[in-house]
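Undergrad: Here is what each chain is made of, one letter per residue.
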Amino acid sequence: MLRPLLSLLSGGLFGAGLLLSGMTDTTRVQGWLDLFGAWDPTLAFVMGGALVPMAVAWRMTRGRSPLTGGSFPAPAKADFDRRLILGSVLFGFGWAMAGLCPGPAMASLSFGGWQGLVFAAAMALGMLIAPQLRLVLDRDTAKA
Amino acid sequence: MQAEWIMGLAGGLVIGLAGALYLLGTGRIMGASGIIGGLVDGSGRATALDRVLFLTGLIGAPFLLSLTFGLTPTTHASSAPVVLILAGLLVGIGTRLANGCTSGHGVCGISRLSPRGILATLIYIGAGVAAMSLLRHVWGII
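Heads up: the sequence lines are chains A and B, in that order.
Numbered per the numbering used here, the first sequence finishes at 144, counting up by one with no gaps.
Numbered per the numbering used here, the second sequence finishes at 1142, counting up by one with no gaps.
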């Protein structure tokens, strides 16, 4: 019972934070990426603010278990595979085109009009295709 | 301008609190693309309820806040279906190939100095800046 409640609460806080920070407005996000135009540094403040509680939380995971049982994620790895690099390039392009990434795309769904719905539907379709692409990429890697 | 930075910082703190609560509570990394993607491709079936509730909060809280405080949140997404569809596909495919987006690789990854998270963030911001320069200043599309 606690786990679903925590999920709902975290999602709600995440959405509230995105709205407060202005990151649900595509103009702000595109402004952050528009380094050679009217650059908007707000996203750096949002990221900076978010890193603080998160860094504290990671420290608190040491020697503890999650509240609802199980275990914390394995230590961070340094394996830079093709999927990570190619995927991040594709994501960056799409992010700039629409000014939306997955979190804000959801958080703005209730007021983003048909545009938000079309973007979210296309994103879901992309997520459905991705596992197939992953197989192709891994097969090529195995061959090489 | 300054007020926007302060709101950015305050909103960022709330986002960080959300990630901290999610991590310490459930033991999982709060990554939007992973939470959505696991529902879409069926890989997260075992935790489907948690994912649906997380998304309910994520979509519902901004809606409730806008009703309660009478704010009218604004957003300015493109009205060109081609741009929206192509961008959505790229974001969906890209984040699932890379296993993370701005929340998972960015907020949750950088805060534990994850090399993969840091590299992914540098790449998607770099690609985003390159794309924005091309699309806006060279081709004049967006």
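Watch out, some of these pointers could steer you wrong.
Some chain A residues judged to face chain B by a derived CB distance under 8 angstroms, without partners named [claimed, not checked]: (1) Leu-6; (2) Phe-45; (3) Trp-58; (4) Gly-63; (5) Phe-111; (6) Gly-112; (7) Ala-122; (8) Ala-124; (9) Ala-142.
Coverage of chain A stretches by chain B, computed from C-beta distances (three or more under 8 angstroms per stretch; other residues unrestricted) [unchecked claim]: (10) 8-21; (11) 65-75; (12) 78-92; (13) 102-108; (14) 130-137.
Facing chain B, according to a computed beta carbon distance under 10 angstroms, are these residues of chain A, among others [to be verified]: (15) Leu-2; (16) Trp-32; (17) Gly-37; (18) Pro-41; (19) Ala-44; (20) Val-46; (21) Leu-51; (22) Met-60; (23) Gly-99; (24) Gly-113; (25) Met-123.
Please keep in mind that the hints were generated in silico from the structure rather than gathered at the bench.
Think of the CB as a built atom: it goes at the ideal place given N, C-alpha and C, for glycine as much as any other residue.
Undergrad: Determine for every hint whether it applies to the structure shown.
TA: Quick rundown of the hints versus the structure:
1. Leu-6: holds, 4 angstroms
2. Phe-45: Check passed: Cβ of Phe-45(A) comes within 4 angstroms of chain B, closer than 8 angstroms.
3. Trp-58: holds, 4 angstroms
4. Gly-63: With a minimum Cβ separation of about 13 angstroms from chain B (threshold 8 angstroms), the hint on Gly-63(A) is violated.
5. Phe-111: holds, 5 angstroms
6. Gly-112: holds, 5 angstroms
7. Ala-122: holds, 3 angstroms
8. Ala-124: holds, 5 angstroms
9. Ala-142: With a minimum Cβ separation of about 17 angstroms from chain B (threshold 8 angstroms), the hint on Ala-142(A) is violated.
10. 8-21: Since three or more residues must qualify, the claim that chain B covers the segment 8-21 of chain A holds, with 14 doing so at under 8 angstroms.
11. 65-75: holds (count 9)
12. 78-92: holds (count 13)
13. 102-108: holds (count 6)
14. 130-137: Check passed, 5 qualifying residues.
15. Leu-2: Holds, because the Cβ-Cβ distance from Leu-2(A) to chain B comes to roughly 7 angstroms (cut-off 10 angstroms).
16. Trp-32: holds, 8 angstroms
17. Gly-37: holds, 6 angstroms
18. Pro-41: Status holds, d = 7 angstroms.
19. Ala-44: This interface hint holds because 8 angstroms falls under the 10 angstroms limit.
20. Val-46: holds, 4 angstroms
21. Leu-51: holds, 5 angstroms
22. Met-60: holds, 6 angstroms
23. Gly-99: Check passed: Cβ of Gly-99(A) comes within 7 angstroms of chain B, closer than 10 angstroms.
24. Gly-113: holds, 7 angstroms
25. Met-123: Given a least distance of 4 angstroms, the restraint on Met-123(A) holds.
Checked against the numbered hints given earlier, this structure breaks hints 4 and 9; the rest are met.
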